[in-house]
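Enquirer: Each chain is listed here by its residues.
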Amino acid sequence: MAAYTTPVQVLIDELGRLPGIGPKSAQRIAFHLLKVPADDVARLAHALTEAKAKVRFCARCWNIADDELCPICADERRDPTTVCVVEEARDIVAIERTGEFRGRYHVLLGAMSPLEGIGPEQLKVKELFARIEPEGITEVILCTNPNTEGEVTAMYLARMLQPFGVRITRIASGLPVGGDLEYADELTLGRALEGRRDLSA
Amino acid sequence: MTNPLYRDTAVVLRTYKLGEADRIVVLLTEHHGKVRAVAKGVRKTMSKFGARLEPLSHVRLLMYQGRELDIVSQAESVDTLAPLVSDLDHLTNGLALVEAVDQMALDREPAPHLYRMLVGALRTVAERSGPLVVPAFYWKLLASEGVRPELDECVRCGAEDPLVAFDVAEGGVLCRSCRSGASLSPDALAVMRMILGGRLNEALDLPASPITHEVAAHANRALEHHLERRLRTVAMFESH
Numbered sequence: 171m172a173a174y175t176t177p178v179q180v181l182i183d184e185l186g187r188l189p190g191i192g193p194k195s196a197q198r199i200a201f202h203l204l205k206v207p208a209d210d211v212a213r214l215a216h217a218l219t220e221a222k223a224k225v226r227f228c229a230r231c232w233n234i235a236d237d238e239l240c241p242i243c244a245d246e247r248r249d250p251t252t253v254c255v256v257e258e259a260r261d262i263v264a265i266e267r268t269g270e271f272r273g274r275y276h277v278l279l280g281a282m283s284p285l286e287g288i289g290p291e292q293l294k295v296k297e298l299f300a301r302i303e304p305e306g307i308t309e310v311i312l313c314t315n316p317n318t319e320g321e322v323t324a325m326y327l328a329r330m331l332q333p334f335g336v337r338i339t340r341i342a343s344g345l346p347v348g349g350d351l352e353y354a355d356e357l358t359l360g361r362a363l364e365g366r367r368d369l370s371a
Numbered sequence: 053m054t055n056p057l058y059r060d061t062a063v064v065l066r067t068y069k070l071g072e073a074d075r076i077v078v079l080l081t082e083h084h085g086k087v088r089a090v091a092k093g094v095r096k097t098m099s100k101f102g103a104r105l106e107p108l109s110h111v112r113l114l115m116y117q118g119r120e121l122d123i124v125s126q127a128e129s130v131d132t133l134a135p136l137v138s139d140l141d142h143l144t145n146g147l148a149l150v151e152a153v154d155q156m157a158l159d160r161e162p163a164p165h166l167y168r169m170l171v172g173a174l175r176t177v178a179e180r181s182g183p184l185v186v187p188a189f190y191w192k193l194l195a196s197e198g199v200r201p202e203l204d205e206c207v208r209c210g211a212e213d214p215l216v217a218f219d220v221a222e223g224g225v226l227c228r229s230c231r232s233g234a235s236l237s238p239d240a241l242a243v244m245r246m247i248l249g250g251r252l253n254e255a256l257d258l259p260a261s262p263i264t265h266e267v268a269a270h271a272n273r274a275l276e277h278h279l280e281r282r283l284r285t286v287a288m289f290e291s292h
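Read top to bottom, the protein sequences are chains A and B. Convert by adding 170 to the 1-based position in the first sequence; the result is the number in our numbering. Convert by adding 52 to the 1-based position in the second sequence; the result is the number in our numbering.
If you're looking for bench data, these hints aren't it; they were derived computationally from the structure. Where a beta carbon is used, it is the ideal one built from N, C-alpha and C, also for glycine. Be careful, since some hints might not be right.
Unchecked claim - Simulated DEER-style distance windows between Cβ atoms: (1) B:Gly198 to A:Pro189: 12 to 22 Å; (2) B:Ala221 to A:Gly186: 42 to 52 Å; (3) A:Arg213 to B:Glu72: 25 to 35 Å; (4) B:Ser138 to A:Lys222: 21 to 31 Å; (5) A:Ser370 to B:Ser196: 24 to 34 Å.
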């Protein structure tokens, strides 16, 4: 049922391999690309190859970087004694947006998942332990996702970090701002109660 | 089918990410067997489901029957998840249980017995973390599937003493002259008889020792033999 000439079909097939893009979306994008000026397409192609060629992992924290170190690790003003452990580089962006954290990061590149057989060996766990002493780290903030995989990872890391004698903290779970209490699940609400704050002081 | 909406209680066995913010949840329901369903928007922070559809959750559900996948419409907790997910040992034990049940249960094949066993076992896991919680469940699971191991006499010649080996392919213990499979110590045999002979609580109270370790190893091998695949949770935590 090859209705298109080969180059178009190849383009559609390649686009269809991208996440979240089905055959119909691939077709629509392909035809859009055929319609726009050649310059636009060249710019897109350049952006793709350029990103792939230049981007690599930060040698220290496994964030994506375009140099030996990522911009955060290279920034001298950031506090080197606090490290925030996250699953993906995307999570760094989310935390940076809060403007609340001035330390460094460590990206695990995933989370432990016993059901899928993903263990600590497949993650950048050893690399985290290797950073503790040389960098004089005094606090590790476990900032993995608050789902089963993230919790397993956090609890496992907390156990393994015990001998290092650093302060180990876990980000709090609670209610999203703007949400209704009525719809909160028991686990979240329970944790929100557990981590309540004093307002009387 | 006239009404596509149905109610059931279920345990979440595992979840898969779907698209941007959805998840596929694999459920063992009380009346509809193993069901795969889509939970829309669960990965968003403001989701109405929140933590209720994480693995190991015991929930009352309102579901919409679809062709391949059902859709979770509402979910309400039955048992609180907190004691299971707040301790690494409880959590890994719980995951080991649901992994085995996920392999054992059949799609849309009602298995109320399996459901009740799992709910009971998860409540046990939430309260205690002895070394035999998971192995004992594996033995019970095998027994309920009709492959209860023979522990009283040699499976080949019927001799009652001395029983020195356990062979998963033969389905039971063997005497010295017929021996095959893995060797079995008398203490481990006694514990296995305890588990399958109605003295489960006594067995669960045993502290970790080479004996409990041996019983656990036999249980894992037997279940893996029956399922014809490796158990990932077990393999992962054996190495630590």
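Enquirer: For the hint 12 to 22 Å, verify it against the beta carbon of Gly198 of chain B and that of Pro189 of chain A.
Expert: Because 43 Å falls outside the window, the suggested range is violated.
Enquirer: Determine whether the Cβ-Cβ distance between Ser370 of chain A and Ser196 of chain B falls within the hinted range of 24 to 34 Å.
Expert: Since the Cβ atoms of Ser370 of chain A and Ser196 of chain B sit about 55 Å apart, the hinted range of 24 to 34 Å is violated.
Enquirer: Starting from the range 21 to 31 Å, see whether the pair Ser138 of chain B and Lys222 of chain A falls in it by beta-carbon distance.
Expert: violated (42 Å)
Enquirer: Using the C-beta atoms of Ala221 of chain B and Gly186 of chain A, is the stated range 42 to 52 Å upheld?
Expert: holds (46 Å)
Enquirer: Per the hint of 25 to 35 Å, is the separation of the Cβ atoms of Arg213 of chain A and Glu72 of chain B within bounds?
Expert: Check passed, 26 Å falls within 25 to 35 Å.
Of the hints listed earlier, those the structure fails to meet are numbers 1, 4, 5, in rising order.
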